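So the protein sequences, as listed, match chains A and B. Counting from 0, one number per residue, gives the positions in the first sequence under numbering that gives the first Met the number 0. Counting from 0, one number per residue, gives the positions in the second sequence under numbering that gives the first Met the number 0.
These are computed hints drawn from the structure, not numbers from a lab. A few of these clues could be false.
Chain A regions said to be covered by chain B (calculated; three or more residues, Cβ under 8 Å) [to be verified]: (1) 44 to 53; (2) 67 to 75; (3) 161 to 169.
Anything over 12 Å on all C-beta distances counts as not near chain A; from chain B, calculated [as the list claims (entries may be wrong)]: (4) 8; (5) 97; (6) 292; (7) 350; (8) 372; (9) 373.
Only a predicted model underlies this, so the values are computations on that prediction, with no experimental measurement involved. We put the beta carbon where it would ideally sit given N, CA and C, even for glycine.
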Amino acid sequence: MSIVLEIRGLRLVRGAREILCGVDFEVKRGEMAALMGLSGSGKTTVLRVVAGLEDSFEGAVTAEKVGMVFQFHYLFEHLSALANVMLAPIHVLGIGSAQAQARAQGLLDQLGVGHRAQALPRELSGGEAQRVAIARALAVDPPLLLLDEPTASLDPARQKELGKTLRGLAAQGRTLLFTSHDDDFVGDYATRVLVLAEGRVVEEGEPRKVLSKPQHEATRKLLQVEPSRRRAKS
Amino acid sequence: MEADPSDPSKLVGFDVEIAELIASELGRTPRFVQVAFASLDQSAIRGDFDIGLCGIEDTPQRRAAVAASVPYYEFREVLTVRSADRERFQSLADLHGRRVATLGGTIAYEILVKAGQEHEITAVSYDDDVHPYTDLLLGRVDAVLLDNVLADRSMRRNPGLYAHAEGLAHGHYVVITAPENTELRDQVDEILRRAMQDGRLESILRKWDIWTEDQTSHHARVLAAAGDPLAAGTAPAPTSVWKTTVTYFPSLLQAAVVTLLLSCLAMALAVLLGVVIATGRVYGGPLTRAFLTAYVELVRGTPVLLQLFVVYYGLAAVVRLPAFVAALLGLGLNYAAYESEIYRSALEAVSKGQLEASRILGFREWQVLRLIRGPQAFRLALAPMTNDFVALLKDSSLVSVLTVVELTKRTQIFAANIGSWVIPGALCAALYLLMSLPLGHLARRLEARWKAPTTS
């Protein structure tokens, strides 16, 4: 399978702190890769580097065109949900506004928020805003979709819906890379997990295997952080 | 009177000497206070000074408002023109369709307003007696109508001017006191008459080179009419306040239109320039930023009045801007600095997340500004902008110093004419409110509309 994202020797220093010190991994087409790690381990920074939002890093990052869904969505506050999705196709891709609107509406429908097309971002619930943000990212048709903590603000039912949605996107040939704290979600939906600690990938593999038999100290620590949620589900 | 060239803190002039004469006769030491020429009567009524004299004209309105002395000087209203126009412009009729300057609130101004209808002359009103003549030299006006004393002084200052000797009208200078202080006025009358009799007044007038043959007969008339000061001066003809109000109201409305037009155009300029400056300060290189910051600080750190003078008079050597254009530029350039600060902080208030989300979607920097950052910043800037527009509407009254007759200036003329600020002040305030209140309303409606979804 073809490689959509390849990261080699990624180092990033912010001030006196070395946030990433030699990250290596790759993501293949159709994968749903999960980046796990404790807070501050640099998960979000990796996504930002891939998205082109960080200027000063060392190493090689080769990625196809990416779309990104931020943890706090960052929908354009002054535009309706529909206009948020239409804006880039019209002004970046040069698609006619009628066609862009039809496609935007189609994406919103597909993500289950078609009925909220005319709402402003501040009128949307967290889950709705996330779906609009996914639609906005997909509107420019990126082969690689990055999602930062997509499960953070969702209740278990919504998480399940999101998991299905993401799986559907992967089935369409899209590649996904997301960060998460939630080992249940990762175990259920990711095709591969990468554990980030001390600025590098310390463990990776098939999610259920890694999460049930962690090999690295950092992975074990990570799984101890949220035992209550695991118990609640099992 | 004017400042003493050898000691600018000292006032000199024939008025000063007459004041000193009166003071010494009264056994007092003169202390000079400066008040606005256009509101002399109001200052007298308020009690800002005991005795007012400084080329104060004898008019019926003035005699109705304050206590006025016997006239101590008879002047002629004369036309001053550029030396080259000496033959061409000899009378008001010769000045058909042209601009003629004078001091606001004077007999000369009234003459010009009347002549304006007859000869299509535009009367240009100034607040001081120096700039009418400098603007005459610059070609902003084609003649100045003021009394012979001021005209002679201007000829001494500006060699290129010529004052016609023939007077268009006669008038008199008087000393004024508060209306209830007729006792002091009577004392002043007595002192002035004595000074006329014993030649002390004549020697002062001769010293300052303003003695004319008219004075001989004038003094004789004043002395003959002893006990009846009015007989020697202009007879008062009381006019009804309401009648004056009705006469003035259309001109107040007209002036309000000037205020509104000027404010709207100046604001448009300020917004346009403000956007450019703010964009430059947010996106520009270090040199651009330094230059724009310097501009903003310079403009915000100096009085708008000074800036207006610089644009109108200071730049006159390079470019002679018409008064309205200078006012528009002065206000617009000034407010641009304030607007730019509003836009800059609004641009910076748009969250980083919005910008990053735009960049990942592939928008170019200018598209981010035009489609996302700009519109969001504009919504943030709307309230302070509305505020500024209302402030500008009121600050536009400052342009009267550039001879633009807007609402406040017109009100001042009106008030000077009827000798009261009550009705003019109320009308003026009502007109300003009529202009500013709808603005606030409009801004609130826009804000409300932006709360509703759009699909642009």
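Quick one: work out the minimum CB distance from residue 8 of chain B to chain A and report holds if it exceeds 12 Å, violated otherwise.
-> Label holds. Min Cβ-Cβ 59 Å, cutoff 12 Å.
Residue 292 of chain B clear of chain A by more than 12 Å, beta carbon to beta carbon?
-> Label holds. Min Cβ-Cβ 25 Å, cutoff 12 Å.
Against chain B, does the segment 161 to 169 of chain A show at least 3 residues with beta-carbon separation below 8 Å?
-> n = 0 at 8 Å, threshold three: violated.
Verify the coverage statement for the segment 67 to 75 of chain A against chain B, using a C-beta to C-beta distance below 8 Å and requiring 3 or more qualifying residues.
-> It holds, with 6 qualifying residues against the three required.
Confirm or reject the statement that residue 373 of chain B sits farther than 12 Å, beta carbon to beta carbon, from all of chain A.
-> violated (10 Å)
Stated coverage of the segment 44 to 53 of chain A by chain B [criterion: 3+ residues, CB within 8 Å] = Our answer is that it holds, as 3 residues pass the Cβ test (under 8 Å) against chain B, meeting three.
Since residue 97 of chain B was said not to touch the interface, does its Cβ keep a gap of more than 12 Å from each Cβ of chain A?
-> holds (54 Å)
Residue 350 of chain B: least C-beta distance to chain A exceeds 12 Å?
-> Violated, because the least Cβ-Cβ distance between residue 350 of chain B and chain A comes to about 7 Å, which does not exceed 12 Å.
Minimum Cβ separation between residue 372 of chain B and chain A greater than 12 Å?
-> Violated: least Cβ distance 10 Å, not greater than 12 Å.
When held up to the earlier numbered hints, the structure conflicts with 3, 7, 8, 9 and fits the remainder.
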